[in-house]
Amino acid sequence: MAQPAADRGYIDINAQVGPRFGGARGAALEELVAERDGHGVRLSLVRHRTALVGESELGNRTLLELCESEPGLRPIAVLSVDRTNDVDRAAGIASKVAGFWLEGTARPGGGLAAEPVVRAAAEAGRPLLVPVAGRGSTATVGAATEGLGVPVIMIGSHYTTSVDDLAAARRYEHLRFDTSSMAHYRAIETAVGVVGAERVLLGTGSPFRAIQSSLNAILAAAIPDEAKRAILAGNAERLFDLPTGSVDLPAVALPERAFDTHSHSGPMPWDVPDEGDDALMPALTRHNRARYAVASSVLAIAADLEAGNLRTVEGSARMPTRLGYLVADPNDIEASRDQLRRWGGEPGIVGVKVHTEWSQRHTGSRQIADLFRVLADHGRPVKIHNDGPDWDQHLLRIAREHPRLPIIIAHAGLGYPNLEGARIAREADNIYAEMSSSFAQLATVRQFIRTIPPEKMLFGTDAPLLDPSFVLGTYQDAEIPAADQAAIYYDNAARLFGVS
Numbered sequence: 011m012a013q014p015a016a017d018r019g020y021i022d023i024n025a026q027v028g029p030r031f032g033g034a035r036g037a038a039l040e041e042l043v044a045e046r047d048g049h050g051v052r053l054s055l056v057r058h059r060t061a062l063v064g065e066s067e068l069g070n071r072t073l074l075e076l077c078e079s080e081p082g083l084r085p086i087a088v089l090s091v092d093r094t095n096d097v098d099r100a101a102g103i104a105s106k107v108a109g110f111w112l113e114g115t116a117r118p119g120g121g122l123a124a125e126p127v128v129r130a131a132a133e134a135g136r137p138l139l140v141p142v143a144g145r146g147s148t149a150t151v152g153a154a155t156e157g158l159g160v161p162v163i164m165i166g167s168h169y170t171t172s173v174d175d176l177a178a179a180r181r182y183e184h185l186r187f188d189t190s191s192m193a194h195y196r197a198i199e200t201a202v203g204v205v206g207a208e209r210v211l212l213g214t215g216s217p218f219r220a221i222q223s224s225l226n227a228i229l230a231a232a233i234p235d236e237a238k239r240a241i242l243a244g245n246a247e248r249l250f251d252l253p254t255g256s257v258d259l260p261a262v263a264l265p266e267r268a269f270d271t272h273s274h275s276g277p278m279p280w281d282v283p284d285e286g287d288d289a290l291m292p293a294l295t296r297h298n299r300a301r302y303a304v305a306s307s308v309l310a311i312a313a314d315l316e317a318g319n320l321r322t323v324e325g326s327a328r329m330p331t332r333l334g335y336l337v338a339d340p341n342d343i344e345a346s347r348d349q350l351r352r353w354g355g356e357p358g359i360v361g362v363k364v365h366t367e368w369s370q371r372h373t374g375s376r377q378i379a380d381l382f383r384v385l386a387d388h389g390r391p392v393k394i395h396n397d398g399p400d401w402d403q404h405l406l407r408i409a410r411e412h413p414r415l416p417i418i419i420a421h422a423g424l425g426y427p428n429l430e431g432a433r434i435a436r437e438a439d440n441i442y443a444e445m446s447s448s449f450a451q452l453a454t455v456r457q458f459i460r461t462i463p464p465e466k467m468l469f470g471t472d473a474p475l476l477d478p479s480f481v482l483g484t485y486q487d488a489e490i491p492a493a494d495q496a497a498i499y500y501d502n503a504a505r506l507f508g509v510s
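In short: position in the sequence shown from 1, add 10, done, that's my numbering.
Each hint should be verified, as a subset may be incorrect.
Here are the in silico distance ranges between beta carbons for each label pair [said to hold, decoys possible]: (1) Asp284 / Glu80: 43 to 49 Å; (2) Gln457 / Lys106: 58 to 64 Å; (3) Val63 / Gly146: 35 to 41 Å; (4) Ala143 / Pro399: 57 to 63 Å; (5) Val63 / Arg505: 21 to 27 Å; (6) Pro234 / Val63: 24 to 30 Å; (7) Ala289 / Gly135: 42 to 48 Å; (8) Pro357 / Glu465: 47 to 53 Å; (9) Asp501 / Arg433: 19 to 25 Å; (10) Pro260 / Ala345: 36 to 42 Å; (11) Ala327 / Leu76: 30 to 36 Å.
Keep in mind that the hints were calculated from the coordinates and are not lab data. Ideal placement from N, C-alpha and C gives every residue a C-beta, glycine not left out.
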């Protein structure tokens, strides 16, 4: 649990509270307050999870009672666009809440059913908060709410939707965004450059998500200090009519040194700025004091195995601290074997990357099993992005078949930390993990750290797809014991990859 910190004046517009038991559990009041106080958050705008997933009337009533006893919380009422009766509830509760969260399968603009609820909420004069529901949803919401006279804050803009989200915001000036899923590289800078700092607000998803991730991304962004203060509090003060206050801008706390075991050479097929190989390493050094990083080629993973791997070889030879993974393709084992033979011993090539999702070969597939026999002969560490049912048991079987082959679980699971990854790392001496992710759940991350042997835990950022400062915040909120931090951030990887 986060320790109390000085009030830094931040306002978090995306927080949750809920019951201790049942399907809405996971955000007990004491957990929310501890995370808020541990990160210097002055006010948290909260919605009740019972209202989100169960009964809106009960959840909203419970929320108002909680906020009366906890001055650091401001209520956001949940209205279900799937229920006709919630049209009447908006007016009755408007004077008691800071805004309305619209929840349900019917989206604003997605059908006539949502219109009465949306209009009733807007007539109350409070801001509306609407989750991003895939690419195109922000444009639909923007069109449906234009002219209602209230700001609409889209929650959860992500690199998978951001290009459409920002395009929609250029057209619909009443749209804003929270930062809870702005995990991609330079996401804050890009949003500020496109729509302005006044349309971005601190939102964390606390206590489910790591508050420090969003804070780091904002504080490390290359934007003016006044823009950072607006995002961290000023915009929320204005939109939600909250008391004003001062906002601190501390430097992001950095590890003494870091060894990034998950990076890439681009360009990326997502809406992230291109960061050339020669610029990435200095950026990682600025963001997390990385002395080394191991990169794989996105081109090799997605399209052209040979051309991408050749770029990795050339980059690793040119940049001594930017090491390389050769990508191995389970759909072309002979080509992978040949490239390992030709380039596996080149300067700076220290391991192999396997991506089961892009190759569409689940971890338990015959092709992955056959590929790992080749990789075991090669003998260098293998980082694998897993996919498919029972992936953990299949990977454990592979690890036991090849006990001398080090295996790193990318993202510590299926794109985000899963406890299964920590458990199999505890069962096999040759399994390691790093937890770069834009979807990491705080409780899982903390349990992961408590479960995995500390000598098996590595640091990784997935840069330049993900923002290294955002991912660093996940590690910082993971409650890594002080005695283990040097090993996790640097020493374990240095030993694994043979770097003195």
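These are the hints, each one checked on the structure:
1. Asp284 / Glu80: 43 to 49 Å: holds (45 Å)
2. Gln457 / Lys106: 58 to 64 Å: For Lys106 against Gln457, whose Cβ atoms are near 36 Å apart, the range 58 to 64 Å is violated.
3. Val63 / Gly146: 35 to 41 Å: violated (25 Å)
4. Ala143 / Pro399: 57 to 63 Å: violated (26 Å)
5. Val63 / Arg505: 21 to 27 Å: With a Cβ separation near 45 Å, Val63 and Arg505 fall outside 21 to 27 Å, so the hint is violated.
6. Pro234 / Val63: 24 to 30 Å: The hint (24 to 30 Å, Cβ to Cβ) is violated, given that Pro234 and Val63 are roughly 40 Å apart.
7. Ala289 / Gly135: 42 to 48 Å: holds (47 Å)
8. Pro357 / Glu465: 47 to 53 Å: violated (27 Å)
9. Asp501 / Arg433: 19 to 25 Å: holds (23 Å)
10. Pro260 / Ala345: 36 to 42 Å: Between Pro260 and Ala345, where Cβ atoms are some 50 Å apart, the hint is violated.
11. Ala327 / Leu76: 30 to 36 Å: violated (59 Å)
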